[in-house]
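J.: These are the residues of each chain, in order.
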Amino acid sequence: MKLIPPFTYYKPETIEEAISLLDEFKEAKVIAGGTDLIPLIRDGKYTPQKMVDISFIDELNFVREEGGYIKIGAATTHSDILNSKILNEKTNVLVQAVKNLGSPQIRNLGTIGGNLCNASPAADTAPPLLVLEAELLIQGSKGERRIPVKDFFLGPGKTILKRNEILREIHIPSEVGKMKGVFLKLGRREAHTLSIVCTAVLLKADTEFEDIRIALGAVAPIPIRAKETESYLRGKEVTEKKIDEGTEIVKKEVKPITDVRGTKEYRTEMSKVFVKRAINKALKGEVECK
Amino acid sequence: MTETREVTAERGPFFFKRELGKEEGEYKLVGREIERPDAFSKIMGLTKFTADRLTEDVCFGKIVRSKYPHALIKRVIVDEALQIKGVLAVITAKDVPGENQIGYAIPDQPLLADKKVRYIGEPIAIVVAENEYAAEKGVEAVKVEYDPLPAVFDPLEALKPEAPKVHEKGNVALTTIIRKGDVEKGFKEADVVVENIYYTQRQEHAYLEPEAAIAYPEGDGIRVVLCTQSPFLVREFVSRVTGYSQSKIKVIGAPAGGAFGGKDDMGPMVASKAALAAIITKKPVAIILDKEETFVASNKRHPAIIRYKSGATKDGKLTAVEIEIIYETGAYANRSPFVLWRATVHSAGPYVVPNAKVDGKSVYTNKVFSGSFRGFGDPQIHFAAEQQMDELAEKLGIDPVEFRLRNVLKEGTRTVCNQLLEESVGMEETLKKVAEAANWKKKREELKKYRKGSKVRGIGVACAYHGISTSRGVPDWSAAAVLLNEDGTITYRSTITRLGQGSLIGHAKIVAEILDIPLEWVHIEEPDTSASPNARPTHGSRGLMTGGTAAADAALKLRRTLIKLASELLNCDEKNVKLENGKAFCALDPSNKIEFSELAKETYQRGYQPAYYGFYFVPRRYFDPETGLGVAYCVYTYIANIVEVEVDKETGEVKVLEAYTGADVGKAIDPGLIEGQMQGALAQGIGYAISEEVAFNDGKIINPNYTDYIIPTVKDVPRKVKVVIIEKPYSSTAFGAKGVAEAALIPTAPAIANAVAHATGVRVRNLPLTKEKVCFKLKEGKK
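From first to last, the protein sequence lines stand for chains W and R.
Residue numbers for the first sequence follow our numbering, so the first one is 1 and each next one is one higher.
Residue numbers for the second sequence follow our numbering, so the first one is 1 and each next one is one higher.
There may be inaccurate statements among the hints.
Unchecked claim - Sample of chain R residues lacking proximity to chain W, with all beta carbon distances greater than 12 Å (derived):
1. A135
2. F153
3. I177
4. K443
5. V474
6. N592
7. V631
8. I702
Unchecked claim - Only part of the chain W face toward chain R is listed, based on derived beta-carbon distances under 7 Å:
9. M1
10. L3
11. K162
12. G262
13. K264
14. Y266
15. N280
Hints were generated in silico from the structure; no laboratory data involved.
The beta carbon of each residue, even a glycine, is placed where N, CA and C say it ideally should be.
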């Protein structure tokens with residue numbers, strides 16, 4: 001472990017100020033909760049020189065509904081998401097994911113934007129946002145751009161963000177509130193642990209799957225949608241057999257690695273088990289499984 | 001629990017009842033749960049741990065560590081590091097004024113590697129600087145030129161003749177043996193025989209507070225403050241390394257933020273480096289390891305490979321065991337002679353086994369050294385022994401609890417080492433009471449209903465025993481000091497240390513009970529080698545049993561003085577003088593009394609001795625290392641655990657739903673402290689059983705952090721834990737107390753494995769029972 005080296009710390013109060021600091025200093029890096037970044041520094045994997053702390057920018061700290069979207073400021077902490085009335089009422093799949101993310105201390109500091117920008121394949125907030133088909137509002141000095149969350153991740157630790165851009169807002173279409181969402185996670189213990197596999201399922205089903213969206217984390221270089229599984233199940237009758245057949249396809253869609261947290265084989269097996277469990281859980285209370 | 005036979009020993013429960021003139025029920029502190037006097041400061045973060053004592057003038061020492069698992073050191077180039085602003089010195093092996101040797105029992109481990117490194121993370125040099133940043137830069141600037149050697153990472157590989165030699169004399173650090181009866185005959189008499197191989201993993205202590213020591217040059221000597229389990233052992237090693245006489249070294253034992261054996265081994269190593277740095281630079285120097293260093297370079301629980309064969313007759317009596325034990329000690333032997341012997345003498349579990357053949361080997365590899373860890377060799381061997389018991393029971397069609405009860409050690413029986421157990425043998429009662437608390441019979445049947453669906457339930461049992469204090473013939477003693485102040489308060493000194501377990505609180509309760517004064521009047525001083533004699537280490541669950549008995553010895557001496565004095569002051573016969581509630585009075589006329597503070601003043605005024613050392617020498621034992629027979633320990637603590645688990649057959653998740661843990665502790669000085677120890681040990685045992693494992697890649701630890709080294713959180717331990725305390729007093733100690741700190745951990749892993757087998761029909765003989773391992777094992781089992 002390394003000591004945290006001395007660095008210049010900036011605490012902008014507006015987004016413009018933050019962007020201009022990033023424009024001005026090439027070596028500057030954005031920090032919010034620091035729950036991913038500080039361990040990286042202590043592991044010697046990143047040596048900071050200038051840090052721009054965006055967690056005090058009011059414009060980045062909110063959850064509100066407007067224009068057909070639930071909008072979340074990127075520096076909103078996990079704890080604030082957990083306690084958000086709007087998210088709990090409209091679509092709680094994201095809340096479910098955040099509920100077991102890290103520990104209370106980490107949730108009090110860590111932010112949703114940070115969880116996405118860190119681009120861990122195991123980021124727990126990514127699968128819910130993938131199935132919610134959220135859009136990300138990215139701010140640069142020359143203006144803003146919107147991209148679907150599925151296009152955000154490029155690889156482990158890599159996103160499409162340019163050096164002088166910041167993730168500003170996350171937009172979740174309000175209409176998803178009509179669908180039932182479930183997030184499930186397998187870790188090496190009950191809490192405060194990284195996912196071996198995590199999944200989010202969003203569906204609308206009566207006797208058949210009218211719509212279904214499935215996303216997984218920690219089983220590919222980036223969080224993924226299980227599109228083939230989805231299209232197999234879409235329009236199919238809701239039966240145990242169909243669900244079993246459909247989720248078998250998940251095993252071909254995931255591309256996990258073997259590491260200290262789990263082997264490729266285990267992750268592959270568990271991808272199916274957890275997608276299946278998530279579907280069944282989402283169905284429960286809505287339709288009886290035939 | 002009361003003992004019926006008369007004991008004439010100079011200690012033990014009867015002695016104390018007679019000496020204090022009270023029945024046990026009349027004790028005010030002993031046997032009663034109290035609010036811990038240190039609770040508030042711990043909860044509020046006011047307790048000063050070692051690193052909290054840093055002051056501006058303290059310099060920092062940081063350690064240059066080996067990057068190779070096995071290599072010759074060609075050269076250590078320090079010039080560049082010395083150029084860094086703030087760097088005061090770079091200390092290498094050649095700068096050690098005394099002996100560059102910190103091997104515990106076998107002199108195989110240098111303080112700073114000189115010719116060769118044997119594991120990744122081994123200390124090579126110490127950079128001392130005015131601040132931590134300069135020290136860190138200095139460490140990066142020290143260039144070590146290596147000549148890499150082939151390395152060996154597996155103990156079975158290490159035993160092959162062609163294996164690279166970790167040490168010149170070969171890769172077997174030591175061997176142990178038991179030869180009792182005739183095993184061939186024993187197996188012939190058996191109706192069932194079970195033979196299996198068990199594997200256990202390396203466990204990290206994972207204490208919150210990393211190792212830390214601050215050394216201050218003082219006059220012509222040195223003072224070292226550190227988190228340690230044995231201030232006197234630290235003093236011995238600091239003396240050896242620095243060449244200072246022991247009288248010039250003062251060691252203060254700061255409270256430790258967890259120790260679990262790790263700080264027993266690491267204390268002397270870290271303190272010696274800090275002392276060396278302080279002597280060379282003539283400045284106070286702190287060495288505080290970071291968490292990664294603790295993971296990479298501190299001792300771990302020995303991984304084990306155990307081949308275990310056991311036989312029993314159809315009426316459920318054990319006839320023989322044949323056991324081969326391999327304990328991987330890593331790069332250095334450290335405590336292995338003691339760990340392996342402990343495992344060997346406990347290898348049959350707490351049962352009568354007439355015929356035994358046991359062979360133990362401690363094997364070197366190029367990995368971080370193994371050493372002391374709560375249970376000290378017993379968790380591994382019981383993991384094997386207790387699963388064997390369940391398999392035998394299953395083959396015989398006998399209930400596992402019943403099968404154990406037919407074989408348990410009782411008073412008058414002999415251990416696998418042929419030791420005659422004369423007293424304080426509570427295995428039978430402990431197991432019965434724990435089974436009763438768990439509603440064993442009913443649950444064992446009922447849980448068979450939970451066999452449908454992906455989640456199934458099972459219940460499992462395991463017993464254990466654990467010798468207290470040192471093993472075999474190794475002498476053991478403890479000491480304490482009780483000083484009566486002129487205002488009637490007591491200053492209590494012992495070098496038993498504060499690891500969170502509360503031993504010293506137990507000592508203070510004993511002192512206060514004997515003097516019959518309020519506990520608040522006894523002030524517990526910091527352990528200090530210059531202020532009281534060697535109480536010996538706080539390990540082997542001995543802190544209360546031996547240290548508390550020494551405290552009692554000192555307090556009794558003071559009590560006798562005070563009775564004599566009161567007799568004189570009250571003009572009352574000594575036999576009629578009573579000490580009660582901070583007063584002395586004459587039993588014939590209770591109004592004829594004197595306050596304790598007055599008594600204290602008069603002690604000085606009338607020339608009575610106001611301060612006493614207490615000493616306790618553990619009963620002598622005899623042991624023959626050639627046969628493994630003899631008296632291995634003076635007394636044993638007996639333990640039984642029952643756990644109910646739920647196994648998710650799809651994911652392999654094992655969840656402990658309920659746990660019942662009981663121990664025969666001799667006498668509970670404080671049931672609350674015991675419960676704390678039992679619950680903590682159980683949680684640590686659950687981690688050992690289910691999720692904890694130090695993982696390596698080519699000799700390099702790949703999970704040296706809490707992200708990937710998985711200790712249980714509050715959500716991973718059962719909500720329902722019932723602690724059962726059994727008291728079969730021991731006649732040699734204060735009030736009959738034995739030890740308990742390690743107890744509950746030992747049978748936790750086998751109880752869980754047995755419960756998993758009950759739930760699924762599949763047996764896992766390889767720790768830990770991770771989700772992935774159990775998942776694939778269940779798939780395999782179905783085939």
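J.: Work down the list of hints and note, for each, if the structure agrees.
T.: Each hint, compared with the structure:
1. Separation of A135 of chain R from chain W is inadequate, the least Cβ-Cβ distance of about 9 Å not exceeding the 12 Å criterion.
2. Non-interface status of F153 of chain R relative to chain W is upheld: no Cβ of that chain comes within 12 Å, the nearest being about 16 Å off.
3. At roughly 38 Å from the closest C-beta of chain W, the C-beta of I177 of chain R stays outside 12 Å, upholding its exclusion from the interface.
4. No Cβ of chain W comes within 12 Å of the Cβ of K443 of chain R; the nearest lies about 23 Å off, and the non-interface call holds.
5. Consistency note on V474 of chain R: stated as away from chain W, and its beta-carbon is indeed over 12 Å from all of that chain's, at 38 Å minimum.
6. Every C-beta of chain W lies more than 12 Å from that of N592 of chain R, the closest at about 61 Å, which supports listing it as non-interface.
7. Every CB of chain W is more than 12 Å from the CB of V631 of chain R (nearest about 43 Å), matching its label as outside the interface.
8. The claim that I702 of chain R lies off the interface is violated: its Cβ sits roughly 5 Å from the closest Cβ of chain W, which falls inside the 12 Å cut-off.
9. Restraint check, M1 of chain W versus chain R: the minimum CB separation of about 4 Å is within 7 Å; hint holds.
10. Among the interface hints, the one on L3 of chain W holds; its C-beta lies about 6 Å from the nearest C-beta in chain R, closer than the 7 Å criterion.
11. Proximity of K162 of chain W to chain R is violated relative to the hint, the smallest CB-CB distance being about 29 Å (cut-off 7 Å).
12. At about 6 Å, the closest approach between the beta carbon of G262 of chain W and any beta carbon in chain R falls short of 7 Å, and the interface hint on this residue holds.
13. The interface hint given for K264 of chain W is broken, as the beta carbon of that residue sits about 11 Å from the closest beta carbon of chain R, more than 7 Å.
14. The restraint placing Y266 of chain W at the interface with chain R holds, with a minimum CB-CB distance near 4 Å, inside the 7 Å limit.
15. Because the closest C-beta pair between N280 of chain W and chain R is about 11 Å apart, greater than 7 Å, the hint is violated.
Consistency with the previously given hints fails for numbers 1, 8, 11, 13 and 15, ordered from lowest to highest.
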